[in-house]
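Next come the chains, spelled out residue by residue.
Number of protein chains: 4
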Amino acid sequence: MFTEVIKPRFLETDALGHINNNTYGVWFEAARDEIFRIFMPKANVKEWNIIMAHSPFDFLKEVFWGKKVIVKTGVIKLGNSSIELGHAVYQEGKLCTTGKCVLIHYNFETKQAVSVPKDIREELEKHLFSGHWLGTLEEIEEYERSNKN
Amino acid sequence: MFTEVIKPRFLETDALGHINNNTYGVWFEAARDEIFRIFMPKANVKEWNIIMAHSPFDFLKEVFWGKKVIVKTGVIKLGNSSIELGHAVYQEGKLCTTGKCVLIHYNFETKQAVSVPKDIREELEKHLFSGHWLGTLEEIEEYERSNKN
Amino acid sequence: MFTEVIKPRFLETDALGHINNNTYGVWFEAARDEIFRIFMPKANVKEWNIIMAHSPFDFLKEVFWGKKVIVKTGVIKLGNSSIELGHAVYQEGKLCTTGKCVLIHYNFETKQAVSVPKDIREELEKHLFSGHWLGTLEEIEEYERSNKN
Amino acid sequence: MFTEVIKPRFLETDALGHINNNTYGVWFEAARDEIFRIFMPKANVKEWNIIMAHSPFDFLKEVFWGKKVIVKTGVIKLGNSSIELGHAVYQEGKLCTTGKCVLIHYNFETKQAVSVPKDIREELEKHLFSGHWLGTLEEIEEYERSNKN
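Residue numbers (this note's numbering), protein chains in the order written: chain A, 1 to 149; chain B, 1 to 149; chain C, 1 to 149; chain D, 1 to 149.
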């Protein structure tokens with residue numbers, strides 16, 4: 001699991017007084033930076049080789065400006081050319097937002113999906129997602145309670 | 001169905017040369033403006049009474065700067081206090097991105113979900129989502145082909 | 001003068017309840033779309049030939065979600081390779097924000113400034129900026145008073 | 001001087017392949033976080049007491065995704081109720097963007113500017129801006145050359 005610490009930015013709030021829902025995708029993209037570097041070690045845009053096919057978000061609790069946020073990221077599923085990632089946003093020890101995304105290893109010239117090479121696959125397998133947040137709300141609450149003790 | 005015409009903004013592109021995935025949620029929020037006004041006729045932030053619980057996105061085709069985009073929005077499902085909306089982004093007659101969102105009619109003071117009142121419900125029922133994009137890719141392609149003729 | 005009508009987006013507000021200051025640059029960029037098309041008639045990113053060197057903003061009045069905004073844009077000064085533009089944001093007939101920007105006609109391959117060709121120059125001269133907002137605050141207030149009558 | 005280390009986000013790039021100009025204001029706002037906390041120690045939006053009146057930007061060099069950025073922030077001038085800040089963005093040891101902003105200590109209830117209290121003033125004076133970037137381009141280049149040796 002990767003851990004990204006993010007300071008909410010004031011412009012990421014909206015008139016309701018908390019972080020706007022469109023911000024979480026931005027944070028998740030920032031948190032995928034380490035994943036991007038597994039696929040593109042030189043962090044060079046010209047060698048870009050992944051696209052996103054699908055992404056769902058669940059908004060559980062409000063997030064506020066003024067307190068740091070932790071974004072946990074890990075691999076949920078590894079297909080032939082696809083990778084499913086999970087993301088979870090925590091603020092003050094509470095799970096606030098979850099999301100997933102399906103990435104496709106992709107050749108921009110031939111415009112086709114490409115198998116994930118063995119070395120990348122092995123590196124990704126070191127960062128499997130393990131999170132109670134994938135369970136029911138009760139499991140999440142149990143997880144949070146146990147983390148406080 | 002509501003129709004929102006949007007000019008992609010240059011900063012909404014990214015280094016891959018097309019619209020960044022995080023932009024679609026922003027456009028969908030803009031396209032929900034008419035829905036917001038059904039719930040809050042005065043468009044006053046202080047009377048805000050909906051929250052978003054869940055939102056998935058499907059990225060089908062790249063969208064580019066320089067050509068207008070149409071965002072179609074309609075009601076998919078009306079629950080007791082929840083409303084599911086569908087969104088579809090078209091550029092040059094092609095379906096590029098789809099999304100849904102589940103909104104909850106909500107009382108920010110009591111922090112509880114509230115039944116959607118009858119008058120709002122009746123207004124929402126006038127804007128049901130009807131879109132082939134909810135079907136398979138083949139159906140979408142068939143729909144696009146038939147629209148060209 | 002170009003006129004761009006913009007609906008403020010909810011995510012463009014912040015926790016203070018009005019439009020976040022970082023939004024105006026985004027609107028100004030959107031309002032420059034017509035200028036971009038004078039320089040790049042095909043609206044193709046690959047033929048991009050301008051860069052921004054400098055840009056100041058003046059924040060006069062708060063702008064709110066829920067009411068449309070007008071952005072006025074015109075040419076203030078035409079140099080050899082540089083163009084100075086002026087922008088002004090109005091909401092409900094009041095001048096809220098002003099900005100300028102200095103663009104340079106630029107060759108991305110040779111990385112050098114390039115003279116603005118005669119045909120582009122003639123087109124730009126049709127869109128000169130004329131606005132009392134370039135004057136003192138008193139002149140702006142006088143202008144707004146006279147617009148109400 | 002405050003130092004904020006920022007990882008450019010992929011969505012902050014645009015189709016020209018580098019960071020979009022509208023991003024710098026966002027980074028500067030993030031870098032003002034420490035200044036905000038001098039004015040509002042509880043980091044509570046309800047006690048907000050500053051507004052921005054003016055802000056210019058100078059774009060000197062392109063900034064890229066994939067390499068960290070340093071934003072230096074300091075106080076340029078302290079007026080009775082106003083504070084002028086300077087910001088400078090460095091990537092790979094090079095000065096890329098500069099900006100200033102004029103903030104006003106403000107009472108949102110009476111809608112009036114308010115003198116900066118003595119304790120805040122003393123705290124701000126510890127963070128004066130000192131940067132060659134305020135000089136000419138030649139001075140900036142000299143400064144960068146000398147930093148390499």
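Mixed in with the good hints, there may be bad ones.
No copy labels: a pair is met if it fits in one copy or bridges any two.
What the hints assert, rightly or not - List of simulated lysine-lysine pairs, DSSO-like, C-alpha gap at most 30 Å:
1) K77 / K42
2) K77 / K46
3) K77 / K111
4) K118 / K7
5) K118 / K94
6) K7 / K94
7) K111 / K94
8) K72 / K126
9) K61 / K111
10) K111 / K7
Think of the hints as simulated: they come from the structure by calculation, not from any bench. None of the values given here were measured: they were computed from a predicted structure.
Hints, verified against the model:
{"no.": "1", "hint": "K77 / K42", "in the structure": "within (25 Å within a copy, 42 Å between copies)"}
{"no.": "2", "hint": "K77 / K46", "in the structure": "within (27 Å within a copy, 37 Å between copies)"}
{"no.": "3", "hint": "K77 / K111", "in the structure": "within (23 Å within a copy, 36 Å between copies)"}
{"no.": "4", "hint": "K118 / K7", "in the structure": "between (35 Å within a copy, 29 Å between copies)"}
{"no.": "5", "hint": "K118 / K94", "in the structure": "neither (36 Å within a copy, 36 Å between copies)"}
{"no.": "6", "hint": "K7 / K94", "in the structure": "both (16 Å within a copy, 25 Å between copies)"}
{"no.": "7", "hint": "K111 / K94", "in the structure": "between (41 Å within a copy, 18 Å between copies)"}
{"no.": "8", "hint": "K72 / K126", "in the structure": "within (14 Å within a copy, 37 Å between copies)"}
{"no.": "9", "hint": "K61 / K111", "in the structure": "between (39 Å within a copy, 11 Å between copies)"}
{"no.": "10", "hint": "K111 / K7", "in the structure": "between (37 Å within a copy, 26 Å between copies)"}
Consistency note: the structure conflicts with earlier hint 5 alone.
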